[in-house]
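Chain order of the listed sequences is A and B.
Sequential numbering of the first sequence, starting at 1, is according to this note's numbering.
Sequential numbering of the second sequence, starting at 1001, is according to this note's numbering.
Quick caveat, the hints were computed from the structure, so don't treat them as lab data.
No experiment lies behind these values; they were computed from the predicted model shown.
Ideal Cβ positions, reconstructed from N, Cα and C, are used throughout, including at glycine.
Warning: the hint list may mix true and false statements.
What the hints assert, rightly or not - In the DSS-like style, the derived pairs of lysine-lysine whose C-alpha atoms are separated by at most 27 Å in a straight line are: (1) B:Lys-1160 - A:Lys-148; (2) B:Lys-1071 - B:Lys-1087; (3) B:Lys-1087 - B:Lys-1124; (4) A:Lys-141 - B:Lys-1160; (5) A:Lys-79 - A:Lys-148.
Stated by the list, open to error - Okay, the calculated beta carbon distance ranges per label pair: (6) B:Pro-1135 - A:Asp-508: 45 to 53 Å; (7) B:Arg-1017 - A:Ser-321: 40 to 48 Å; (8) B:Asn-1102 - A:Ala-221: 44 to 52 Å; (9) A:Gly-185 - B:Asp-1090: 51 to 59 Å; (10) B:Asn-1102 - A:Thr-288: 56 to 64 Å; (11) A:Thr-229 - B:Leu-1134: 36 to 44 Å; (12) B:Pro-1135 - A:Leu-289: 33 to 41 Å; (13) A:His-376 - B:Lys-1124: 48 to 56 Å; (14) B:Ala-1143 - A:Val-320: 32 to 40 Å.
Spelled out, the chains give:
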Amino acid sequence: MTEKLLARAGAVRVAGVVAAALGLVTVLLPWAYGKTALDNMTYFFGPSFLQLCYAILLLVALVALAAKWFRGRLGRFAKAVAWADTAKAAGLGAAGYALACLVAIAVQNGGLVMIEPGGWAAFGLALVTGGAALVLPGSAKPTLGKLKSPPWVQILAIAAAMAVVLFAAAYELNRADIEDFLVFGCFAVAVVVVGRAAGLFGWLSLAAANNRRVLSLAAFAVAFAFPFTQNGSDANMSVANQVLIFAATAMGLNIVVGLVGLLDMGYIAFLGAGAFTAAVLSKSAFATLSVDLPFPVTVLISGVVASLLGLLIGTPTLRVSGDYLAIVTLAFGEIFRITMNNLDGVDGPNITNGSNGVPAIPNLDFFGFNLGQVHHFLGVDLGRQSNYYWLLLVVIAVVIVVFSNLAHSRIGRGWVAIREDELAAEAMGVNTFALKLLAFAGGAFLAGMAGSVKAYRDTAVSPDQFVFLESAFLLAAVVLGGMGTIGGVLIGATLLKLLPEKLRFFEDYRLLLFGALMVLMMRFRPEGIVADERRQLEFHDADEELAEEVEEDLVSHHSLLNPETDRGAVA
Amino acid sequence: MSAPVFASGATKPGGERGVLLEARDVTMRFGGLTAVKQVSLQVHDGEIVGLIGPNGAGKTTFFNCLTGLYKPTSGQVTLRGDVLPPKPRDVVKAGVARTFQNIRLFHNMTAMENVMVGTYCRTKANVIDAIFRLPRHRREEKASTARAGELLAFVGLADKANTLSRNLPYGDQRRLEIARALATDPSLLLLDEPTAGMNPNETRDAEDLIFRIRDLGLAILVIEHDMRFIFNLCDRVLCLVQGEVLIDGTGDEVQNDPRVIEAYLGSPQAEAGD
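Just chain A, same shape as in the assembly (with noise of 0.2 Å):
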């Protein structure tokens, strides 16, 4: 009985390999007949890069079927990847991807029939490929996460998995037809979801965990070479600096609600304090108190004024909390962009203009190096854009360290334990009204400084860039990306500004498609997409195996006690 049951899953293993490898075949094919249609897939052996991409995918899933023959001559390494599963998500992946291209060629080629036979045998084989690795029976847990490495080969990964980072992102934001963008959208998930399948993320994740400060400095990197890649084009650059002026803010909400999960509505507030602040002391013509002043100066007094604001608000509504603060705080926020529609020298003194704002704020200046200017450097036109992205780059490194040196001190501990338990909290000697404020007070200074630096990117301020939408989205980037985390909130503030830039296609279809979005992550996954280790538990009460998944990594990432001989013991 076994034996036959044996007998066949060999069989539909070679069939699984077979499949695979015909399917590697097809990309010598042309799958499209028109040149235009997606990277130009018409050439007999001359595989587009997108054809290549589907290759990747197929390989890994037939190297991967093919792993159970060479078991006993498999590495340390290899033993711990779930083939398996690997097999499946990389077969089931490459068949997705290649769908998903196919659809593309129809619809920007217009029909079917613009779909030659390579591209179907490419389908087809993938599915074969996916469907006999589904068959087969799955593999253990990956063990990937828990294998111990040299540093050098960590660091390695690190840097290696950064620069596939930086290419993929810039090769995706380059990408001019949005048929091109998701298709290649498409390919990154299934990389994802394959690396997840295999354990490779696990690896990764503890080499990272291991490794903090080259991360860090890799991360950074990448961020500082990428207007290199965008060939004096300023598009990108622009959507980028919204990015990073949304996660500045973004991250100050952060404190806020997800160390302290004090839910404020009306963020946006702190940012336009900032903005207006700086707009106010530019040397544009319709400022109003126009004074001379070094920028970094500007930075601190924007960043003052927002967490004083911060102090007024905080002052009197901390003393209410869960809904009842949010109410407040979303009142609040539209007190603010009421009252810089006012003061306006009609219905008060005039220091905004009212509703046209402060426009034309010249550019910033540092030591004769124009930011508004293009210059030319390594070869590459560097543009407005890319001169205010690093500006905003120093910005968002300034915001995290304080994000994160603040998140691991007392103030952090005890900001933690008042979100846990806030009469506990007091009960042990935590000042917690004082801690509150002070989680107010420096959000709203991470939120003033972004501000600043806004004022002079977008030239112009006024009471209507400031809406409760925006607010909302503040908020939405925080609970998307993963309450606590810096990673998280990165991501997400990535995400809500990126897709509507690329997407523009359901401009209109914007608000309810994201209405759906949320809905569906609250459902499926609520802890956000890079999930805190702790907070994912507060969603996921009864689940006692997460929990002891998450202690085992808290255990092996960064024991406290005596780092070396726990990790050892773990591992």
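With chain A fixed as given, assemble chain B onto it according to the hints.
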């Protein structure tokens, strides 16, 4: 335990025990209900005092009056002669720490982090220290970590330092709560039903732990329903009934007082009359 864990609260060897905590005529009224009526209590250095009474007698309310969670309607609480400040966090700073009847740990923090929150009120690093990682932050962080480690070892949780507190077994959660309270460096520890829900073995361990805490020089005030536990442990026992002190005396005196038995079990006459 190598170095002395506690700086304050050492018992004067041989000398007379001073009055540590004194509650004078504490009354707590909620609208028309008087939950605690004119309760007076003295706790001396290094003493273990028990607080017993039937459910609803006002024991926990009295505890809350002592720790600043409630402001007594009238009466006064002093610690070494100084009136206790009105806010819970200031009471902790003055040297009175407590645990809760229904465990109130920070569930999604590790055991270590829970205890380190307890050191909050004895550390001073501010925002600037934390952001720029100044010496004060690093020094305090090191000291807090070491201290928390010692305390976890003291209560027997050294090997669970990185366990999330929600995943600890019930008895360990109770002990962790005690470690967290000890981290605030108190001279008086208030325990609200420390053995509730424990099996006899765990109760014995808890008894042992409380004695060891006393030996460190702390005074302890403990609410409990387990009479064997109370009479084993306490130098003095106070019985509250309907918010009033019924009797304040040694274990034997309280144990043999017919009024205490009546308060718990009802009077034989009343039962006969039913």
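How the hints compare with the structure:
In summary, the hint linking Lys-1160 (chain B) to Lys-148 (chain A) is supported, as the alpha carbons are separated by about 23 Å, within the 27 Å threshold. Between Lys-1071 (chain B) and Lys-1087 (chain B) the alpha-carbon distance is near 9 Å, which keeps this suggested pair within the 27 Å criterion. Note on Lys-1087 (chain B) and Lys-1124 (chain B): the hinted pairing holds, with a Cα-Cα distance of about 19 Å set against a maximum of 27 Å. Of the pairs offered as hints, the one joining Lys-141 (chain A) and Lys-1160 (chain B) holds, with about 25 Å between alpha carbons and a cut-off of 27 Å not exceeded.
Among the hinted pairs, Lys-79 (chain A) with Lys-148 (chain A) is consistent with the structure: their alpha-carbon atoms are about 13 Å apart, no more than 27 Å. A hinted range of 45 to 53 Å for the beta carbons of Pro-1135 (chain B) and Asp-508 (chain A) is inconsistent with their spacing of about 57 Å. For the pair Arg-1017 (chain B) and Ser-321 (chain A), the beta carbons lie near 43 Å from each other, so the given range of 40 to 48 Å is met. The supplied range of 44 to 52 Å is met by Asn-1102 (chain B) and Ala-221 (chain A), whose beta-carbon atoms lie about 51 Å from each other.
In this structure, Gly-185 (chain A) and Asp-1090 (chain B) meet the distance hint of 51 to 59 Å, their C-beta atoms being roughly 56 Å apart. At roughly 57 Å, the beta carbons of Asn-1102 (chain B) and Thr-288 (chain A) sit within the given window of 56 to 64 Å. The hinted range of 36 to 44 Å is satisfied by Thr-229 (chain A) and Leu-1134 (chain B), whose Cβ atoms lie roughly 39 Å apart. Between Pro-1135 (chain B) and Leu-289 (chain A), the C-beta spacing of about 39 Å keeps the proposed range 33 to 41 Å intact.
The supplied range of 48 to 56 Å is met by His-376 (chain A) and Lys-1124 (chain B), whose beta-carbon atoms lie about 52 Å from each other. Between Ala-1143 (chain B) and Val-320 (chain A) the beta carbons are some 37 Å apart, a value that agrees with the proposed interval 32 to 40 Å.
Comparing the model with each numbered hint stated earlier shows that hint 6 is the single one that does not hold.
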